[in-house]
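Trainee: All chains should be built: construct the whole structure from the sequences, respecting the hints.
Chains A and B are the protein sequences, given in the same order.
Here the first sequence stands for residues 284 to 676, numbered as in the working numbering.
Here the second sequence stands for residues 284 to 676, numbered as in the working numbering.
Keep in mind the hints are simulated off the structure, nothing from the lab.
This structure is a prediction, so every number in the text was calculated from the model and none was measured.
Any given hint could be a false lead.
No copy labels: a pair is met if it fits in one copy or bridges any two.
Said to hold, decoys possible - Only pairs whose alpha carbons sit at most 20 angstroms apart, straight line, appear in this in silico SDA-like list of lysine to any residue: (1) K556 <-> E571; (2) K356 <-> A590; (3) K556 <-> T400; (4) K556 <-> E390; (5) K374 <-> D360; (6) K311 <-> R496.
There are 2 protein chains.
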Amino acid sequence: MRTAEAFRKKSGIDVRLGHRAEAIDIAKSHVSGGGPDGKPFDLAYDRLLIATGAAPIVPRRPGFDRPEVAVVKTLEDAQAIKARLQSGSVKRAVIMGMGYIAMEMAEALRLREVAVTMVKPRAELLPWLDAELAATVRGELEGHQVELRTGFDVAGIEAGKGSGVALVDTGSASLAADLVIVAVGVQPNSRLAADAGLQLGPSRSIAVDRQMRTSNPAIYAAGDCTDAFHVVTGQRAWIPLALRANRAGWAVADHVCGKEVSLQGIAGTAVFKVFDLQVARTGLTLAEAAQAGFAPAGVTIASSSRAHSHPGGSSLQVHLVGDRRSGRLLGAQMVGREGAAHRINAPAVALHAAMTVEQVSQTDLAYAPPFGPAWDPLLVAANQLIKKMQEAS
Amino acid sequence: MRTAEAFRKKSGIDVRLGHRAEAIDIAKSHVSGGGPDGKPFDLAYDRLLIATGAAPIVPRRPGFDRPEVAVVKTLEDAQAIKARLQSGSVKRAVIMGMGYIAMEMAEALRLREVAVTMVKPRAELLPWLDAELAATVRGELEGHQVELRTGFDVAGIEAGKGSGVALVDTGSASLAADLVIVAVGVQPNSRLAADAGLQLGPSRSIAVDRQMRTSNPAIYAAGDCTDAFHVVTGQRAWIPLALRANRAGWAVADHVCGKEVSLQGIAGTAVFKVFDLQVARTGLTLAEAAQAGFAPAGVTIASSSRAHSHPGGSSLQVHLVGDRRSGRLLGAQMVGREGAAHRINAPAVALHAAMTVEQVSQTDLAYAPPFGPAWDPLLVAANQLIKKMQEAS
Numbered sequence: 284m285r286t287a288e289a290f291r292k293k294s295g296i297d298v299r300l301g302h303r304a305e306a307i308d309i310a311k312s313h314v315s316g317g318g319p320d321g322k323p324f325d326l327a328y329d330r331l332l333i334a335t336g337a338a339p340i341v342p343r344r345p346g347f348d349r350p351e352v353a354v355v356k357t358l359e360d361a362q363a364i365k366a367r368l369q370s371g372s373v374k375r376a377v378i379m380g381m382g383y384i385a386m387e388m389a390e391a392l393r394l395r396e397v398a399v400t401m402v403k404p405r406a407e408l409l410p411w412l413d414a415e416l417a418a419t420v421r422g423e424l425e426g427h428q429v430e431l432r433t434g435f436d437v438a439g440i441e442a443g444k445g446s447g448v449a450l451v452d453t454g455s456a457s458l459a460a461d462l463v464i465v466a467v468g469v470q471p472n473s474r475l476a477a478d479a480g481l482q483l484g485p486s487r488s489i490a491v492d493r494q495m496r497t498s499n500p501a502i503y504a505a506g507d508c509t510d511a512f513h514v515v516t517g518q519r520a521w522i523p524l525a526l527r528a529n530r531a532g533w534a535v536a537d538h539v540c541g542k543e544v545s546l547q548g549i550a551g552t553a554v555f556k557v558f559d560l561q562v563a564r565t566g567l568t569l570a571e572a573a574q575a576g577f578a579p580a581g582v583t584i585a586s587s588s589r590a591h592s593h594p595g596g597s598s599l600q601v602h603l604v605g606d607r608r609s610g611r612l613l614g615a616q617m618v619g620r621e622g623a624a625h626r627i628n629a630p631a632v633a634l635h636a637a638m639t640v641e642q643v644s645q646t647d648l649a650y651a652p653p654f655g656p657a658w659d660p661l662l663v664a665a666n667q668l669i670k671k672m673q674e675a676s
Numbered sequence: 284m285r286t287a288e289a290f291r292k293k294s295g296i297d298v299r300l301g302h303r304a305e306a307i308d309i310a311k312s313h314v315s316g317g318g319p320d321g322k323p324f325d326l327a328y329d330r331l332l333i334a335t336g337a338a339p340i341v342p343r344r345p346g347f348d349r350p351e352v353a354v355v356k357t358l359e360d361a362q363a364i365k366a367r368l369q370s371g372s373v374k375r376a377v378i379m380g381m382g383y384i385a386m387e388m389a390e391a392l393r394l395r396e397v398a399v400t401m402v403k404p405r406a407e408l409l410p411w412l413d414a415e416l417a418a419t420v421r422g423e424l425e426g427h428q429v430e431l432r433t434g435f436d437v438a439g440i441e442a443g444k445g446s447g448v449a450l451v452d453t454g455s456a457s458l459a460a461d462l463v464i465v466a467v468g469v470q471p472n473s474r475l476a477a478d479a480g481l482q483l484g485p486s487r488s489i490a491v492d493r494q495m496r497t498s499n500p501a502i503y504a505a506g507d508c509t510d511a512f513h514v515v516t517g518q519r520a521w522i523p524l525a526l527r528a529n530r531a532g533w534a535v536a537d538h539v540c541g542k543e544v545s546l547q548g549i550a551g552t553a554v555f556k557v558f559d560l561q562v563a564r565t566g567l568t569l570a571e572a573a574q575a576g577f578a579p580a581g582v583t584i585a586s587s588s589r590a591h592s593h594p595g596g597s598s599l600q601v602h603l604v605g606d607r608r609s610g611r612l613l614g615a616q617m618v619g620r621e622g623a624a625h626r627i628n629a630p631a632v633a634l635h636a637a638m639t640v641e642q643v644s645q646t647d648l649a650y651a652p653p654f655g656p657a658w659d660p661l662l663v664a665a666n667q668l669i670k671k672m673q674e675a676s
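Mentor: Structure, rendered in structure tokens:
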């Protein structure tokens, strides 16, 4: 986006690349570490910002250091994968993981006519997605010849017969691949903060308040390394996504400069595209809602993306979760070929406003035949959920 | 959708087609009118529902009874227009009006290669739309060779030279046409209610409460003939659209059957498609906000429908209106080639929840590169509006 030189010249910001911060001395307000050629550095601060991000998880098992194994985090990671694809040596790829990044890579590789197998140890494709919606995603992947191997726990990666590698699972099944994408999730880069004794949040993320301050008020943290308050539960959560990371950076700058800042928190709103499908969520799943102490009820409906009189419509599935006790909307999920990505924002706003399902069911949403039925799928689902919540649990 | 016979047989509902209700006798709880062959009828009721809808406005000026002149209200209207088009006699059409129906007809006619001119007496294309957004709509129409003649007030329609008709305006300019579509708005069919002494609302719609009861509690009204409470102003408004009409019908049935009903009201959310453009609105315009007693501020931004890194994005314009005094969001408008239709529902929900612009700016909206920038256009606009609202007015 911008070079270190540009930061220095245009903004007067002393950007030091190749400098690894290794320790924070909170008593002395100093950060120390190693610069280029191992030259040590030591810097004093009045305010410190930790923005160390998150890193892809790579299993500590044999063979993950082989050149055929790649993660998808940096631009350089992507360029290396692209170069490998362009060399023509990749006919078969195995993707470890079935999350957003894994799905996007599956699509990218299939579009380049690479044979793709996705593997994961657990049984569910997308455990956070309602089963009916997940079945649609499975159909989309299989319709594009992506082989799905759940219950495949990679014990190690070894040299393949001839070229490439072989992934061997704990049950000694084997899969051949020219390229292995490891996309099994990320973890916060919080060691520096933990070593300095700063409070940690869920999944060892760095705990911050609504002003993005850590447990030490002179030290801020922002980005994928930090937690956030969840607007539905009020509890700390670690859901590292771009908007929150970006928003947090601005909030730190504002707060350091003396502006009033109080971040509401996150609803866990997210979307990904896999082939022609849009998969979106916001708020809690049924399981998350139960765990957070709610008395959840859920419904799943299938509606149409356009009015029945309008050609070209497709199925849109909506899953809603509500709380029987308070009547509150707790979460929403949508899967469809059109509209899901933008439709999810309406329930996301409703979660921020702590609206009840009844209130959501009464909202005045836009209607025209090319864009949906007169009763928007969200309203249809809300009406169903009201009935479900009234039933004995 | 369903025949009178089906209503009778399947639902036990005595549907009497060809019966025109002409008077309500409130003291006697009777409705009277004329049936087929002028045979009078007189029916007693315990509860009465008036669902008389709205009718297209046709100017009482010379020549509007000519066969070349059509309105677009019923299926029969549309079939008649279609038959005329299929006869091949329509080369030039004039559309009176520049609202939703007029726009949709302009597109439908251009797709059939009919030359189209749209006319209206006033100067603005879409007076309720922010000027920058309206300019985009104008560009879209003109890009599809639709001629726009604002300031053209049709005084009468007369026989044309050779075939077709000529529309003559009050300044005696003239336009030739083989087909004239009159789409200058609708009016509520409220005469029956007014004659019975029932209270009327804005634009002579039938005033109803949150249970859809008229000023006489035994008489309900629902559909395009009734008003509604506007969730932003709390005042009565007449904005006849499909969702409210449909929702009102269910509400009446529920209430008559003893269920608790209390309709929140409308936000005035609407969308139309014109060629490749989606034009959406919810809540109040700047002018409507000022008229309702708010101290409004407005901003207009242009963002991208996708992340900059993602190919195929297009411009998305967002106009937001907020109240300087309370900080509340009052209205939103969006114009773009993708996403506008569904994106409008997020601010619509925010209006129902009476959220401030600051609260909207903090919402956690979905992000993935194919569907928008990390900072959703709604958030970009909200951030701009916060600054604008803080400026001296």
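Trainee: Each hint needs a verdict: does it hold in this structure or not?
Mentor: Right, here's what the structure says about each hint:
Taking the closest pair of Cα atoms, K556 and E571 never come within 20 angstroms of each other, the shortest separation being 23 angstroms inside a single copy and 39 angstroms across copies. Proximity of K356 to A590 under the C-alpha cut-off of 20 angstroms is restricted to the inter-copy arrangement: shortest distance 18 angstroms between copies versus 41 angstroms within a copy. Taking the shortest Cα distances, K556 and T400 sit within 20 angstroms of each other inside one copy (18 angstroms), while across copies they are farther apart (41 angstroms). Within a single copy, K556 and E390 get their C-alpha atoms as close as 9 angstroms, which meets the 20 angstroms cut-off; across copies the closest is 31 angstroms, which misses it.
In this assembly of identical chains, the alpha carbons of K374 and D360 lie at most 20 angstroms apart only when taken from the same copy (19 angstroms versus 59 angstroms across copies). Taking the shortest alpha-carbon separations for K311 and R496, only the intra-copy value of 18 angstroms comes in at or below 20 angstroms, while the best inter-copy value is 73 angstroms.
Against the hints set out earlier in the document, a violation occurs for number 1 only.
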